[in-house]
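Colleague: Here's the letter readout for the chains.
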Amino acid sequence: MRFQFEQTVPLPRSVVFAFHENPEHLIALHRGWAAFRLIEHQGNLFPGSRIWFETDIGRFLPVALGFEFTVYEPPQRYSEQLIHGPFRSFTHLHEFNEFNGSTVVRDVLEIELPWYYGGELAMRVIVAPIIQQAFKLRGEALLKWAQNGNDVPM
Amino acid sequence: MEVATYILFILGVLGGIDILLYHSVSHGIRSHEDSRLELITHSLRGPTYGALFLLVPNFAMQGLFFWLLIGIYVFDVAISLGDFILERASREFFGGLPTGEYVLHIILAMLFGGLVTSTFYGVGHWATLPTRLAYEPAAVPDLLRALLAFMAVFVLWSGAMDLLAAIRLSKKTAPPLP
Chain A
77 MRFQFEQTVP LPRSVVFAFH ENPEHLIALH RGWAAFRLIE HQGNLFPGSR
127 IWFETDIGRF LPVALGFEFT VYEPPQRYSE QLIHGPFRSF THLHEFNEFN
177 GSTVVRDVLE IELPWYYGGE LAMRVIVAPI IQQAFKLRGE ALLKWAQNGN
227 DVPM
Chain B
63 MEVATYILFI LGVLGGIDIL LYHSVSHGIR SHEDSRLELI THSLRGPTYG
113 ALFLLVPNFA MQGLFFWLLI GIYVFDVAIS LGDFILERAS REFFGGLPTG
163 EYVLHIILAM LFGGLVTSTF YGVGHWATLP TRLAYEPAAV PDLLRALLAF
213 MAVFVLWSGA MDLLAAIRLS KKTAPPLP
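The listed protein sequences derive, respectively, from chains A and B. So that you can map any letter, position 64 of the first sequence is 140 in this note's numbering, and since no number is skipped, the others follow by simple counting. So that you can map any letter, position 117 of the second sequence is 179 in this note's numbering, and since no number is skipped, the others follow by simple counting.
It is possible that part of the hints are untrue.
Stated by the list, open to error - Partial list, derived from the structure: chain A residues whose beta carbon lies under 10 Å from chain B:
{"no.": "1", "residue": "Trp109"}
{"no.": "2", "residue": "Phe112"}
{"no.": "3", "residue": "Arg113"}
{"no.": "4", "residue": "Glu130"}
{"no.": "5", "residue": "Asp132"}
{"no.": "6", "residue": "Ile133"}
{"no.": "7", "residue": "Ala140"}
{"no.": "8", "residue": "Pro162"}
{"no.": "9", "residue": "Tyr193"}
{"no.": "10", "residue": "Gly195"}
{"no.": "11", "residue": "Leu197"}
As the list claims (entries may be wrong) - Residues of chain A clear of chain B, computed beta-carbon distances all greater than 12 Å:
{"no.": "12", "residue": "Pro86"}
{"no.": "13", "residue": "Arg200"}
{"no.": "14", "residue": "Lys220"}
No wet-lab data here; the hints were simulated from the structure. By construction, the Cβ of each residue, glycine as well, lies at the ideal position given by its N, Cα and C atoms.
Work out the full structure: start from the sequences and follow the hints.
Modeller: The following block contains the structure:
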């Protein structure tokens, strides 16, 4: 299943990309979402670097996810793919496009659940609403960060 | 063995939930290198519970066979103790066991106590009878016994998967040969 989310941020692309380059800032991006816990990261987005975090399903089932960065092309894009977790595949591409002095942040996710976890049906019923909610809050947090003079409350 | 059979069924269902939700979806321990030893303890539950799911609802185990059953119970207690000891290091990277898994383990431990107690109260006299193993199904619905037979196959398969994962992860983390 493919997901695409966009958020226009009233800041130059270099500033917005630099914010995303620090994995610690994921905490600020998911502040409104209680189901996020950063486990470990290597401090950069270079291909081969890894990041681990935990989210949860239905507030009772934590799910640990490990990702490895695969693309790093500052300040246009970077991406990561799943190396640990219950999905058959999970890739996340982050794109940053300049538009009239602002930056359009586009997140493109391709996610597949294996059949034994419910496949496409479980994706639609369980996973998709969680992803949509997470990226709605993430977009709001990004906008709030930009409007608050890009100060990062960690 | 009616009560023991019902308790064993609930144990099996909750154990399956533990495997599916916490071992697989939540922490994916079959691909987590720190969980190698925990996987070995889990793999031992394959033959242990495979035997219990088939023996308890279907057979009269008298004399030495009764003590064999008690031996399986004791072996399972040893597996659980080993599991508790190893889990701390195994799940440290993830911040420890999920809260729900802790709760589930406590419930499973209480049910296991109930299984042992119901065995002694229900058929404790088998211990003093002549040694004999006979097909004498417990007075429970056939469907329940069929489900337990299916669960025996599942737990054996799951144990085998845990063992294979432990071997794979051990090879992955083994130091290179000089």
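Colleague: Against each hint, give a clear statement of whether it holds in the structure.
Modeller: The hints, checked one at a time:
no.	hint	verdict
1	Trp109	violated (17 Å)
2	Phe112	violated (13 Å)
3	Arg113	holds (7 Å)
4	Glu130	holds (7 Å)
5	Asp132	holds (9 Å)
6	Ile133	holds (8 Å)
7	Ala140	holds (5 Å)
8	Pro162	holds (5 Å)
9	Tyr193	holds (7 Å)
10	Gly195	violated (14 Å)
11	Leu197	violated (16 Å)
12	Pro86	holds (37 Å)
13	Arg200	holds (17 Å)
14	Lys220	holds (28 Å)
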